[in-house]
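Novice: Since chain A is already given, all that's left is putting chain B on it; use the hints.
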Amino acid sequence: MSELNGVIHQPVRLRIMASLVALDKDEQVDFTYLRRLLKLTDGNLGAHLARLEAAGYIKIEKTFVARKPRTYVRATGKGHDALHGHIAALEQILRGSGK
Amino acid sequence: MNVSTEEAKESLSVVQVTNERMHRGVASAQARYSSDLLVLWGLIWLAGLALVQFHRERAVYILAGLGAGALVTTVLWIWRRGPKQAVVRSDASRKTFRRVFWFWVILNPYAFAWILLLAPLDALQVFAFMCTLAMFGFSVLGLWFNSPFVVVLGLTVTAAIVLGYLLSPAWLYLLAALAGGGTMLTTGIHMRIRWR
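If you're matching them up, the sequences are chains A and B in order.
Converting from the first sequence to this note's numbering requires adding 66 to each position, the first position being numbered 1.
Converting from the second sequence to this note's numbering requires adding 204 to each position, the first position being numbered 1.
Okay, chain A solo, but in the shape it has when bound (with noise of 0.2 Å):
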């Protein structure tokens, strides 16, 4: 039986798990596209990141495009498990609840 998870429900930070888990799980994602994707600011995105990555569901990789800072993010496998068994909890709530 899935358990729903304290971090993920977060709604800022379930939102960025469900666009990551979106890209394949070698693919990674612009930090500043990423922050214009889900509407945030620089400070928000970055606080909620790094609590995700303090969980162990994202990777985040600092690098330089031609000769300029560029950010990545992705999901890791225990974070696709994880978004995956935060989704089977709530299905499992609604089916429960005959909806």
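If you're looking for bench data, these hints aren't it; they were derived computationally from the structure.
No experiment lies behind these values; they were computed from the predicted model shown.
Hints are supplied without guarantee of correctness; some may be wrong.
[Unchecked claim] Using 16 Å as the maximum straight-line C-alpha spacing, the simulated EDC-like pairs for lysine to aspartate or glutamate come out as follows: (1) 299(B) - 93(A); (2) 144(A) - 93(A); (3) 91(A) - 295(B); (4) 299(B) - 90(A); (5) 125(A) - 147(A); (6) 299(B) - 92(A); (7) 91(A) - 127(A); (8) 213(B) - 157(A).
[Said to hold, decoys possible] Pulled a few chain B residues facing chain A out of the computed Cβ check, cut under 8 Å: (9) 216; (10) 219; (11) 223; (12) 293; (13) 382.
Glycine residues also receive a C-beta, built at the ideal position from the N, C-alpha and C atoms.
Specialist: Just chain B now, kept in the frame of chain A:
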């Protein structure tokens, strides 16, 4: 942790909507990336070959300039703008990019080897061969990236060039300009509008 059914329903809906937005956003960014190259190649092909049609005595120089120009601008574009525009990266896409690059690199000496082996060829024969070879490359890329549109584009332009060569060689350059350049340009613009 207590979650009401309403909250669970809302969370599932957020997951689905965000997931779809990411898919659409990435597809749109990749389409813009490809459309820039299509517009660039379309303009070079269209303008260059139309010029050859009306200045055939300078065909060799124009075609050599056209090929070099297309190569240099493509390499410069990929080097300067390509990585900046790429919102998603992966080891798989880097490998694919390297394979595509080497495919085009290998295709060039292959073409020159055949031109040398079949010599003497007139300018029109060399031109028709190079155009159909470029379109062959296009079709292969279409198969590679699972894009039936690009495969059909490559085969259609190839057929138009072969027919033009056989039926109306005097207007082959203009036909190739319109068929190849026009199609690439229109496709690039269409993709930009469609995925705006």
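Novice: Confirm or reject each hint.
Specialist: We went through each hint and held it up to the structure:
no.: 1; hint: 299(B) - 93(A); verdict: 13 Å, holds
no.: 2; hint: 144(A) - 93(A); verdict: 15 Å, holds
no.: 3; hint: 91(A) - 295(B); verdict: 10 Å, holds
no.: 4; hint: 299(B) - 90(A); verdict: 15 Å, holds
no.: 5; hint: 125(A) - 147(A); verdict: 14 Å, holds
no.: 6; hint: 299(B) - 92(A); verdict: 12 Å, holds
no.: 7; hint: 91(A) - 127(A); verdict: 15 Å, holds
no.: 8; hint: 213(B) - 157(A); verdict: 8 Å, holds
no.: 9; hint: 216; verdict: 5 Å, holds
no.: 10; hint: 219; verdict: 4 Å, holds
no.: 11; hint: 223; verdict: 5 Å, holds
no.: 12; hint: 293; verdict: 6 Å, holds
no.: 13; hint: 382; verdict: 36 Å, violated
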